[in-house]
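*Asks:* So you can see what is in the structure, the chains are spelled out below.
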Amino acid sequence: MPKTRVSRSRLGLAPVTLLCCVGALLYVAAFVLYPYGHVTVFSFWEKDLYSIRPAFILDNYQRISERPLYLRVVMNSLQVAAMVTVVSAVLGYVMAWFLAHHSGRWKNLFFILLIVPLWTSFLLRAYVWKIILGRNGIISAILGNFGVVPEDLGFLLYSDLSIVIALVYIFVPFIAISVYAALEKIPVSLTEASADLGASAAKTFFHVVFPLTVPGLLAGATIVFCLSFGDFITPSLLGGSENIMIANVIISQFGAAFDWPFGSALAVVVLITVLVVVSSTDWMGRKIAGGRDAL
Amino acid sequence: MRSSYSSRAAFRFAAALIFAFLYIPIGVLVAFSFQESKILSWPIEGWSLRWYAALLENNQLLQSIGNSLKVATACVLVTTLVGVPLALALRHLTGGAARLLERTILMPLIVPQLITGLALLLILNRANVQLSLLTIILGQSIVWMPLVVTQVYARLRGLEVELEQASMDLGANRFQTFIFVTLPSIRTSVIGSALLVFTLSFDELPVTFFLTGSENTLPMHIWSMLRIGITPEINAIASITVLVSVLLILLGIRILKSETR
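Listed in order, the protein sequences are those of chains A and B. If you read the first sequence in the numbering used here, its first letter stands for residue 1, the second for the next number, and so on. If you read the second sequence in the numbering used here, its first letter stands for residue 1, the second for the next number, and so on.
Since the hints were made in silico from the structure, they are not lab data. Glycine included, every Cβ here is placed at the ideal spot set by N, Cα and C.
Using C-beta positions, here's what the derived DEER-type ranges look like:
(1) A:P15 x B:R254: 37 to 45 Å
(2) B:A53 x A:V276: 45 to 53 Å
(3) A:L69 x B:R126: 23 to 31 Å
(4) B:S185 x A:A29: 29 to 37 Å
Per the computed footprint, the stretches of chain A lying under chain B, defined by three or more beta-carbons under 8 Å from a beta-carbon of chain B, are:
(5) 15-24
(6) 263-275
Whenever a hint applies, use it, and build me the whole structure from the sequences.
*Replies:* Quick look at the structure:
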């Protein structure tokens, strides 16, 4: 460790520390790199009628790129994930702003109210929308009072809309907490200085406050995008046959279709998407933060 | 920033709407658990506690709750015992190496859980390992490890090295310094992440989905119930889990408060 600072060296070179570092490398190699690497290798394997053979074939990837069905599934998943991310980001930002600046003495209570849904089961939070949007659901019962027939409301459940609503519902608190943490770190003196120098509230927001919250917002949005993209619970509970997402196809390859190599190839598509999204938002975040190192 | 009355009112209104969006569904979830009829339909006509009574007689369900408790407890132990040393290791690395290692440790949190689940399934399958609660614990520990590492690492970064140096200058050895200086200062982050891992593990489905053997966890049991059809019994389970989550959060806040006092 050539860069270890002098002040740390006394603690830094202890054998226990060395052991921790070696252990960390081993952990990462065995439990992170090996599993994901193995899926990648597996995606080039070959499936016979009843067996799976080591090989190096591109058939699985060819199948993804040539069949319109799979391309559509990938595009649909990207689209749903993007919509969920944008809507959650807007709602979450508003929520964080309210919590940081307008919640007054109830701040702690509101903060807890934001955390409670996060600690509640993902599965159950997706399931509840089945009750709300379903054919005998609350929305159709309420609209029924106004003469709307349930048949007209088919678009509510078993559509991309229901998947997006449920995922937004699940992820809004997540973004709100990330942005709120960033907002709380901004010193009041900074916004006061901006106002003293004659900037309007809007100008202060866009030039001072917002850029400082971008890293938190990006971090939250990245996770929301990746997790929505690869979710199978929500689409299989709330989506129709037209709205399957990539995770559903993967699951079916590992279940009834029993084509593990093809399932692995689809998993690699998800992995690559996640890596691309993470590294580009990371790059964006550092670019924005780079200009503001003074803080 | 000074804000006008109108913007304050607008934000309050928007926040009220979003809170309604967050809590009406939870209200719905709970309300239907007290519905008498088996078919979920609005408005609720008869009220009863029969679905809670049904839970108590559902042996499979009770067993799955027991399994989930086992898995969650084991995950807390594993992630804490491995995660804290991982965070300590990160602290002593600098520059690009530390960042790369941190990113890699974080991966399972960002990669959709089902990918991690199937990746482990492939390996376990080739190694001829029988799927059981142990394989679920392995999978979930990998997925929740990043939470513990980031929480503890964040706290460690805020910790001043001078404190530990002072302790060693005063004659304490490294072990004593760790136990009496380092550990107390990261304790809240360890407890906080342990509570979070417990609840998340208790509710986890995607990894568990691939790694379940003959014994179900609670979310797997609920999943199989959902496949058959939705009944208020599921809502009764949901209400109880919401209640338990709230209690755990309040417990966490209590611990944090008594720590900072």
